[in-house]
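**Q** Line order of the protein sequences matches chains A and B. Position in the first sequence (from 1) plus 19 gives the number in my numbering. Here my numbering is used: position 218 in the second sequence is 211, and no number is missing along the way.
Worth flagging that the hints you see were computed from the coordinates, not collected in a lab. Some hints here could point you the wrong way.
Stated by the list, open to error - Chain B stretches covered by chain A per the calculated footprint, using a threshold of three residues with CB under 8 Å from any CB of chain A:
| no. | region |
| --- | --- |
| 1 | 151 to 165 |
| 2 | 196 to 209 |
| 3 | 262 to 273 |
Stated by the list, open to error - Not close to chain B: a few residues of chain A, all C-beta gaps over 10 Å, as computed:
| no. | residue |
| --- | --- |
| 4 | ASP38 |
| 5 | GLY74 |
| 6 | VAL139 |
| 7 | ALA146 |
| 8 | TYR173 |
| 9 | VAL186 |
| 10 | ASN187 |
| 11 | ALA191 |
| 12 | HIS208 |
| 13 | LEU209 |
| 14 | ARG228 |
Glycine is no exception: its CB is placed at the ideal position from the N, C-alpha and C atoms.
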Amino acid sequence: MSIKLGVPSKGRLMDKTFDWFGARGVTLGRAGSDREYAGRVEGVDGVELILMAAGEIPRELAAGRIHLGVTGTDLVREKLARWDMQVEELAELGFGHADLIIAVPDFWVDVETLDDLDAVAAAFRRAHGFRLRIATKYHRLIRDHLREAGVADYQLVDSQGATEGTVNNETAEAVADITSTGETLRANHLRPLTDGPVLRSQATLFRARNAPCDEGDRAALTALIDRLGLA
Amino acid sequence: MAAGERPAFAAIPDARAAARAEAARLSARFQDAGAVPVETAVLQPAATLLDLYGEDIRARAYVTSDALRGEQMLRPDFTVPVVQMHMADGAEPARYCYAGEVFRRQEEDEDRANEYLQVGFEVFDATRPPDADAEVFALFQSILAPLSLRAATGDISILTAVVAGLQTSDKRKQALMRHIWRPRRFRALLDRYSSTAPLSDSRAALLAAADPFAGTGAEIGLRRRAEVIARLDNLREDAAADPIPTGIVALIDAVLAVREKMPFALERLRDIAVDLPWIGVAIDRLDARATALADRGVDVDALDFEASYGRTHMEYYDGFVFGFYAENRPDLPPVASGGRYDALTRHLGQGRAIPAVGGVIRPGLVLELGGLG
């Protein structure tokens, strides 16, 4: 038996994750060709690397099909109800920084805060006959945030990509999305609210609380955590 | 284990059957009180509920869809469809009862049921609202008497009366009214409207700017420049408005803090009304209701009244509100709850409105607490 480690299967997230483990004496890599999603692990025994889409890692952790996984805090909190009962944060990896923000058209000079957004939502609904639309894929996080702040008269519309373009396309009036530099927002004539981000996210190593573990698995897990300097 | 509340595999048939039988008994009590039994669809059009409750309902109701009818919600309560049915073709006065499952999405607490039975009683009667309030409450209290529950009561119309009479702009009153059911936002607005602090530097600069749009991005989206300009005008007007005196804010706080047995609550509110004379009519209504309750045998001297009760979880209630709680089981939600919802009938009645009051009992919780014997 061995424990399973889930890592994003492509791009900078994968490379940086490999670097982070490498710097701690655990070599991760693809097995065989670049197109293969099987992985290899050197430097520690009893650990199996599984490459998968970053967005699937929270679900796999919650189901206990992998013991450890690297993914963004944003995805874990969006996808898992009571996330802290299902996974434990072992380490923030120091890359993949991104803030979940709510942004409005830059020319809305009257809107700086959630307080303004709420007032504008009321006026918008009166003028247009429907609730102000916010495009996002982070439905739970944004809804909870807006409820907590007491914002009303808005609706969330689903946008799984190119979210910043929705305002210009008139399918939404505002957006809620992940941003790291704000470059895409500016290019699309958008600006974040000044209340601060809904969530600050970064790549994080999570442990599944409910993954089945026999004695050998537990030993392998302890050895890996030890090796990574997280004990 | 609650009957019908948290079904475990083996327990489902018995617990469900017991809860159904309890629901039938409760429904019979309501029919004895003159209610006509009605049925509603389990799948409700999502648009109506979204329009009413806003996006928050998505966190509390299960949403599904098909290509033909679009988004549908698994019935989160009966009140909305029963009001719709009555507004469409009901004769007045009318008394209805119903029994069936409601569905509530649970994302925070696994121990809360996501599917349970509700048995309800609704009165549409314009003749004497305080009497209809008392009729519903007294009926619920007598049915639930064997369980020795604590009754909580309140009245949302006292707070709306406070706001309606404030000497401030209509826009401010409108904003406060909109957030009656969101206490935190209500408080933030009240603080802002009563503040004598100057505007933030950036806001002051914006409102004074010759061209507030200088250096900003392109005009994109459905909200047009004219709407931004109109709001800037509002902000200027608001900045020039007199603050709501702190003395008045203290009186609003005093109203919201009232939490006494009914006779003392009335006395306390009458004292406050010396300085907020425009809430007198709302207090007269409360008084008339107390009298009507006493006439129906409710021990009003022992009845709890809280002026802020029902502000967070009962958003369509706009008058009398009540709930029945098992005091030794703080883990349980209220066994029964209800109130007056005149504004909902106006909203769903497309111009028509009728005074309405009602409530629901959860037979599963009644059984969990030992049943009605």
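**Q** Evaluate the condition: distance from the CB of A/ASN187 to the nearest CB of chain B exceeds 10 Å.
**A** About 5 Å separates A/ASN187 from the closest Cβ of chain B, which leaves it inside 10 Å; violated.
**Q** Decide, holds or violated, for the assertion that all CB atoms of chain B are farther than 10 Å from the CB of A/GLY74.
**A** Answer for A/GLY74: holds, closest chain B Cβ roughly 19 Å.
**Q** Is it the case that A/TYR173 keeps its Cβ farther than 10 Å from each residue Cβ in chain B?
**A** violated, 6 Å
**Q** Quick one: work out the minimum CB distance from A/ALA146 to chain B and report holds if it exceeds 10 Å, violated otherwise.
**A** violated, 6 Å
**Q** Within the region 262 to 273 of chain B, is the number of residues with a Cβ closer than 8 Å to a Cβ of chain A three or more?
**A** Violated, because only 0 residues of the region 262 to 273 of chain B bring their Cβ atoms closer than 8 Å to Cβ atoms of chain A.
**Q** With 10 Å as the threshold, tell me whether A/ASP38 passes as away from chain B on beta-carbon distances.
**A** holds, 36 Å
**Q** With a C-beta cutoff of 8 Å, work out whether three or more residues of the region 151 to 165 of chain B approach chain A closely enough for the coverage to hold.
**A** violated (count 0)
**Q** For A/ALA191, which was marked as not at the interface, is the minimum beta-carbon distance to chain B over 10 Å?
**A** Non-interface label on A/ALA191 violated, nearest chain B Cβ at 8 Å vs cutoff 10 Å.
**Q** Any Cβ of chain B at or closer than 10 Å to A/HIS208, or is the non-interface label fine?
**A** Incorrect as stated: the minimum Cβ-Cβ distance to chain B is 3 Å, not above 10 Å.
**Q** Are all C-beta atoms of chain B more than 10 Å from that of A/VAL186?
**A** violated, 4 Å
**Q** Against chain B, does A/VAL139 keep a CB gap of more than 10 Å to every residue?
**A** Check fails; 7 Å does not lie beyond 10 Å.
**Q** Taking the shortest Cβ-to-Cβ distance between A/LEU209 and chain B, state whether it exceeds 10 Å.
**A** violated, 7 Å
When held up to the earlier numbered hints, the structure conflicts with 1, 3, 6, 7, 8, 9, 10, 11, 12, 13 and fits the remainder.
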